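Protein chains in written order, with my numbering: chain C, 26 to 119; chain Z, 26 to 119; chain S, 26 to 119; chain E, 26 to 119; chain W, 26 to 119; chain H, 26 to 119; chain D, 26 to 119; chain X, 26 to 119; chain L, 26 to 119; chain P, 26 to 119.
Possibly wrong hints are sitting among the right ones.
What the hints assert, rightly or not - Computed, partial: chain P to chain X, Cβ under 10 Å:
(1) R53
(2) A54
(3) H67
(4) I71
(5) L92
(6) S94
(7) T107
(8) P108
(9) T111
(10) S114
(11) R117
To be clear, the hints were calculated from the coordinates, so they are not data collected in a lab. Note that the structure is a prediction, hence the values are computed from the model and not measured. All C-beta atoms, glycine included, are put in the ideal place defined by N, C-alpha and C.
Number of protein chains: 10
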Amino acid sequence: MLFHVRMDVHIPLDLDADVRADVVARERAYSQELQRSGKWPHIWRIVGEYSNVSIFDVASNDELHDLLSGLPLFPYMDIAVTPLATHPSDIRAG
Amino acid sequence: MLFHVRMDVHIPLDLDADVRADVVARERAYSQELQRSGKWPHIWRIVGEYSNVSIFDVASNDELHDLLSGLPLFPYMDIAVTPLATHPSDIRAG
Amino acid sequence: MLFHVRMDVHIPLDLDADVRADVVARERAYSQELQRSGKWPHIWRIVGEYSNVSIFDVASNDELHDLLSGLPLFPYMDIAVTPLATHPSDIRAG
Amino acid sequence: MLFHVRMDVHIPLDLDADVRADVVARERAYSQELQRSGKWPHIWRIVGEYSNVSIFDVASNDELHDLLSGLPLFPYMDIAVTPLATHPSDIRAG
Amino acid sequence: MLFHVRMDVHIPLDLDADVRADVVARERAYSQELQRSGKWPHIWRIVGEYSNVSIFDVASNDELHDLLSGLPLFPYMDIAVTPLATHPSDIRAG
Amino acid sequence: MLFHVRMDVHIPLDLDADVRADVVARERAYSQELQRSGKWPHIWRIVGEYSNVSIFDVASNDELHDLLSGLPLFPYMDIAVTPLATHPSDIRAG
Amino acid sequence: MLFHVRMDVHIPLDLDADVRADVVARERAYSQELQRSGKWPHIWRIVGEYSNVSIFDVASNDELHDLLSGLPLFPYMDIAVTPLATHPSDIRAG
Amino acid sequence: MLFHVRMDVHIPLDLDADVRADVVARERAYSQELQRSGKWPHIWRIVGEYSNVSIFDVASNDELHDLLSGLPLFPYMDIAVTPLATHPSDIRAG
Amino acid sequence: MLFHVRMDVHIPLDLDADVRADVVARERAYSQELQRSGKWPHIWRIVGEYSNVSIFDVASNDELHDLLSGLPLFPYMDIAVTPLATHPSDIRAG
Amino acid sequence: MLFHVRMDVHIPLDLDADVRADVVARERAYSQELQRSGKWPHIWRIVGEYSNVSIFDVASNDELHDLLSGLPLFPYMDIAVTPLATHPSDIRAG
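Excised from the complex, chain C in its bound form (with noise of 0.2 Å):
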C-alpha cells in the first residue's frame, strides 16, 4: 500500500554541529535501511530546498506511523501524507 511522504526539515540554525552531524547521518543510515527493505522504495530531493518527496509501501497506517515517527530528524520536519492508490490508467495495474 503505498503514500506519497512530503519531508521538510528545519534544523534549527544554532544546533551544535556534532549533534547535527549525528543526527543527520543516523537519518540517513536508517532511511537506506528503509530502503533496503523495499518499505521505502523511493527517495528524491526537491530542487533548491532541505526537502524531499518518498513513496513509503507498508501494511498499515499504523506501520507507516511508527516509521515516520521514529526517523531521527523526525522532530525537525514537518511531514504530510498522501495516500495513493493504483490509477486506472497504469500500465502495470491489473
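Since the structure of chain C is provided, determine the placement of chains Z, S, E, W, H, D, X, L and P on it from the hints.
Relative to the frame of chain C, chains Z, S, E, W, H, D, X, L and P by itself:
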C-alpha cells in the same frame, strides 16, 4: 531528469457525455504510450480525489511542457510541476 | 485501518430538482449500506455547512478510493482524506 | 453534544527533557481520565504528524473550553474546534 | 450557549429578479423572527461586503444547524461557525 | 460606531512568570474598565484558543487604535479589526 | 475618518456590452461626484489589474457602507475595508 | 525600469473557437511588437501551465499599465506585477 | 510615480529597550524627512496593528528600494510594494 | 535549460556581525562567479524586500540543486524553483 507532477482534473459537469468519454479515452491512450516509452515512469491516484501524482523522466523542460500541454485533458486540469534531484541518501544513487 | 474523510458538497444551484433529489437519495442509501457493513463507522454534519466529517475503516487505500469514487455525490464534492493511526494515549489501544 | 477537535503539538526543541517528560505524562493521564468519563470518546493520531484528531462529547461550549484549556500540553498546542451535528444519513440517528 | 457565525452571501448575478426579491424578503422575516425569539441576539453588516457577523444563542449544536440550514439564503451562502465561551474578564460573568 | 475585533494572544513560553502574571492582571483591569465605560460592550473566549472576539463601540478610528494599542497585552497579540454597520434586518435598527 | 478600500472588479465576460458600458459609465459618474464632495479623496489603479486602491473620508461606518453598497459596480466587486488612524510620525498630525 | 510580470491565462472553455483563435493571434502579434521595441525583453512559459513569466522595461507605472491592459488576452488573465531593482551583486550593475 | 507600500513591524520582544527607542526615533526622523521632501506623501496607521500603509512618490524602482532598504526599521519589517497608476476616473487626472 | 528561482533571505537578527559580513561577501563572490560562467544570467532585487528573482541556465535538475545548495546563504534562505520552457511567442525562439 525527473519531475514531480500533480494533476487535478476539473471536467465541467455539463460537458457532453460523448465528448467526455472521448477525451478520457484519449488521455488514457496518451498516458499509456508515454508510460511505455519510459518518459512517464509512475502514475498514482490520490485517494478520494480526481487527481494524480506522477513522475516524468525527460531530457529537458521544453520536452516536459510539450508532453504536458499535449495531454487531451490539459484544458481541464490544474498542473503543478516540481523539479527533482538525486537524494544523497538514495541507495540507487552513485 | 482508519481514515478521516471530510466531504464538502457543491451541487450546482441550477441542477434539475429531480436529478438532485435522485442523487441525494442514492447517496443516502449508499452511505447507510456502508455504515451497516462497518466500513463507514462515523458520519457527522459540520454545523452550518453542507459538509460532513466521516471515519472510514477499510483494508487498503485502493478499497477506500473505490468506496469514495463510487459515491453518487462524488462529482459534486471536494474530498480530503487523512490517514489515522492508533494514538498512544487511546484507552482502547493495546 | 459533539465537537471535532484537532490538536497540533509544538513543544520547543530546547525544553528541558524532564519537564517535557512530565508534561507528556500528565497529558496522557488527563486524556485517559476524560476518555474513561465518556467526555473524550475518540482520539486518533494523524499519520506522520505530532497531532491528533479527537471527538469530545460535552454539555456546553464552556465545558469544552474548560477541558481543553486544562490540558497539560495546552500552552504548546494549536487547537481547532469544529461543532458537529447529527447527520441525516447516520443510521444511528433517531 | 453562544456561537459566532459569519455569513457571506453569493447570490448568482443571473438569478431571476423576482426569485431574488422573494428569497431576500423571506430571509429578512426568518431572521427577525429568530431575533425576536432571543436565539439570534446580534446581527451586524460587515462594511463594504454582502456579509454579516452574527451571534446565536442556542441549546445545542443540532439546534444551531437546524436554524442555519433553514435560512432561505442558505443555498447561496458560505457560513463559518465558531463556538464561544465565557471570557474570564467579562464583567457580566459569574 | 461598532467594530469587530479578534485578538490572538501569543505570550512567549519563556516569559518570566511574575511578568506574565502582572501583564495578564493589568489586561484584565484595563478590559473591565473599558467594559464598564461602554466602549467594549462584548468579549467572548473562542473555544480551545487563547483568543477572544470582541465588539468595541467608539467615536472614531483613532479612538479605537488608542484603546487597542494601550492594551497591556498589545505587544503579545495579533489583532484584526473589522468595521461593522447596521444590518438592514436588525430588529433594533431604526 | 479615513478608510483604506481595495476594490477588485469581476464583470462577467458574457455581460451584455451595452449593460456593461452603462454600469461602467454610472460607476465613473458616481465616483467622481464622491471625489468632488471630498468623501473619496484618493483613487489609484493597481498596475496590471482591474482593481483600485482608494481612501475614503467619512463620518461613520454606516456612511461608508452606504457609499460602497451604492456603487453601480458593487454586485461585480470584491471589496476589502481597512480602518486607518493617524500615524504618530505623520508630519501633518498634531 | 524593470518589472516582473506573471500572467495566468483562463480562457473560458466554451469560448467560440474562432473568437479564441483570433484573440490568441492578436495577443501573439501584440507581444512580438513589444518584444521588438525592447519594452518586453523576456517572456518564458511556465512548464505545465498556461502561464508566462515576463520582464517588462518601461519608463513608468502608467506606461506599464497601459501596455498590460491593452493585451488582447487581458480580460482572460490574472496578472501579478512585482517591481524590480538593480541587485547589488549583479555583474552588469555599476 | 506612485507606489503603495504596506509595512508590518516585528521588533523582537527581547530587543534592548535603549536600542529599540533609538531605532524607533531614527525611523521617525527618517520618515519625516522623506515626507517633507515630497517622496513619502502619505502615511497611515492600520487600526489595531503595528503597521502602516504609505504612498511613495519616486522617480524609479531603484530609488524606492534605496529609500525602503534605508529605513532604520527595515531589518524588523515585512514590506509589500504595489505599483500604482493613474485611475481613469480620478478627477485630478489630465 | 532555464529555471526561475526566487530567494528570500532571513538572516537571524542576532547573527554575529562578522559572521554575517563574511557570509554575505562569500555569497556575492559565489553569485558573481556563476554569473560570469553564464549559469546565472539574471539576478534582480525585489523592491522593498531582502529577496531576489533570478534566472538560472543549467544542464540538469541535479546541477541546479548543487548550485543552489552551495550558496553561502543557503541555510538562511527560502528558495522556490519554477522550471521554464520556451514561449511560443518569444521572438528569439526558433
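Quick one: which hint numbers does this structure break? Sort them smallest to largest. 5, 6
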